[in-house]
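Chemist: Start from the sequences and build out the full structure, keeping to the hints where you can.
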Amino acid sequence: MDRNIPFISSSIMNNFLNCKYSFLKFFENDGFNSYRQDNENGEPIYLQFGTIIHSVIEQFWKSNTRTKKFLIDTFEKEIVSSGFNDSGYITCGYDIFEYFFDYLKYKAPKRKMLHSELSFNVNILGVPLHGTIDAIFYHGDGIYEIEDYKTSNYVKTREEVDEDIQLSMYDYVFNNNAMKEYWFNGIKPKGIILTLHFVKHGKIVQTERTKYSR
1 MDRNIPFISS SIMNNFLNCK YSFLKFFEND GFNSYRQDNE NGEPIYLQFG TIIHSVIEQF
61 WKSNTRTKKF LIDTFEKEIV SSGFNDSGYI TCGYDIFEYF FDYLKYKAPK RKMLHSELSF
121 NVNILGVPLH GTIDAIFYHG DGIYEIEDYK TSNYVKTREE VDEDIQLSMY DYVFNNNAMK
181 EYWFNGIKPK GIILTLHFVK HGKIVQTERT KYSR
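Numbering of the sequence shown is given in the numbering used here, commencing with residue 1 and proceeding in unit increments.
It is worth saying that the hints were derived from the structure and are not from the lab.
It is possible that some hints are incorrect.
Unchecked claim - Below, computed lysine-lysine pairings styled on DSS-like, alpha-carbon distance capped at 27 Å:
1) Lys110 <-> Lys190
2) Lys211 <-> Lys110
3) Lys188 <-> Lys211
4) Lys211 <-> Lys112
5) Lys188 <-> Lys62
6) Lys112 <-> Lys203
7) Lys69 <-> Lys110
8) Lys62 <-> Lys105
9) Lys180 <-> Lys203
10) Lys200 <-> Lys68
Claimed, not checked - Okay, the calculated beta carbon distance ranges per label pair:
11) Tyr106 <-> Lys62: 19 to 29 Å
12) Ile187 <-> Ala108: 15 to 25 Å
13) Glu117 <-> Phe16: 36 to 46 Å
14) Pro128 <-> Gly88: 33 to 43 Å
15) Gly186 <-> Leu125: 20 to 30 Å
16) Thr157 <-> Tyr99: 19 to 29 Å
17) Glu76 <-> Ile45: 25 to 35 Å
C-beta: ideal position from N, C-alpha, C; glycine also.
Modeler: Laid out in structure tokens, this is it:
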């Protein structure tokens, strides 16, 4: 087999680490060509739900009308357009956006939204890296926050988040000069807060990476 791996992403790294055989089959079947493409046939319902939640949050951040009504209306439009009809998940979705808006209004730190669903394809030290960051905020004084929204039932511990490959990759990429066009006014990060936001549970787990860990 003489094909090269065209890029690396956090999910592909996790695939390799969790099961070498599964990764080999993915590679042999040229899975990279269909990577991240829409899969409407047989997609698990929890993935459909996660896609809807992420889409609504993305539209919220990119809108000038960041109200609770906008969240709910957008969620209902996404349900209709996608044909999603699981009543349990739909009820959960309403709860998520009630919580999400209240969190932003009453509990979230003051920060500037910079980017939502920021996709990157960068080459660092000869390694092609690919991914999409859910949200990036600027706190001021060179401090950025990378936030990833999770709709999973399981909430990771701080220890698990400290070792999370996805966050490590986002931190490494965003700290690199290859991403400087996305920094706030070109200010190089002095620190990056890494956040997993478990919206089904209303829980936030944060960590950071040191220069040594990068």
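Chemist: Please check whether Glu117 and Phe16 have a Cβ separation lying inside 36 to 46 Å.
Modeler: At roughly 25 Å between Cβ atoms, Phe16 and Glu117 fall outside 36 to 46 Å, so the hint is violated.
Chemist: Between the alpha carbons of Lys188 and Lys211, is the straight-line distance 27 Å or under?
Modeler: 14 Å, holds
Chemist: Cβ-Cβ distance between Ile187 and Ala108: within 15 to 25 Å?
Modeler: 21 Å, holds
Chemist: For Lys69 and Lys110, compute the direct alpha-carbon distance and say whether it is at most 27 Å.
Modeler: OK: Lys69 and Lys110 at ~22 Å, within 27 Å.
Chemist: Do the alpha carbons of Lys112 and Lys203 lie within 27 Å of each other, as the hint requires?
Modeler: 21 Å, holds
Chemist: For a C-alpha distance cap of 27 Å, please report whether Lys200 and Lys68 respect it.
Modeler: Judged against 27 Å, a Cα distance of about 17 Å means the pair holds.
Chemist: Within a Cα-Cα threshold of 27 Å, do Lys211 and Lys110 meet the stated pairing?
Modeler: Between Lys211 and Lys110 the Cα gap is close to 26 Å, so the pair holds against 27 Å.
Chemist: Going straight from one Cα to the other, do Lys211 and Lys112 come out at no more than 27 Å?
Modeler: Holds, at roughly 25 Å.
Chemist: Tell me if the straight-line CA distance from Lys62 to Lys105 falls inside 27 Å.
Modeler: 17 Å, holds
Chemist: Would the hint linking Lys110 and Lys190 be met if the CA-CA limit is 27 Å?
Modeler: 18 Å, holds
Chemist: Could you check the hint for me, namely that Gly186 and Leu125 are 20 to 30 Å apart, CB to CB?
Modeler: Distance hint for Gly186, Leu125 holds at roughly 22 Å.
Chemist: Run the distance test for Lys188 versus Lys62: straight-line Cα separation, threshold 27 Å.
Modeler: 24 Å, holds
Checked against the numbered hints given earlier, the structure breaks hints 9, 13 and 17 and satisfies all the rest.
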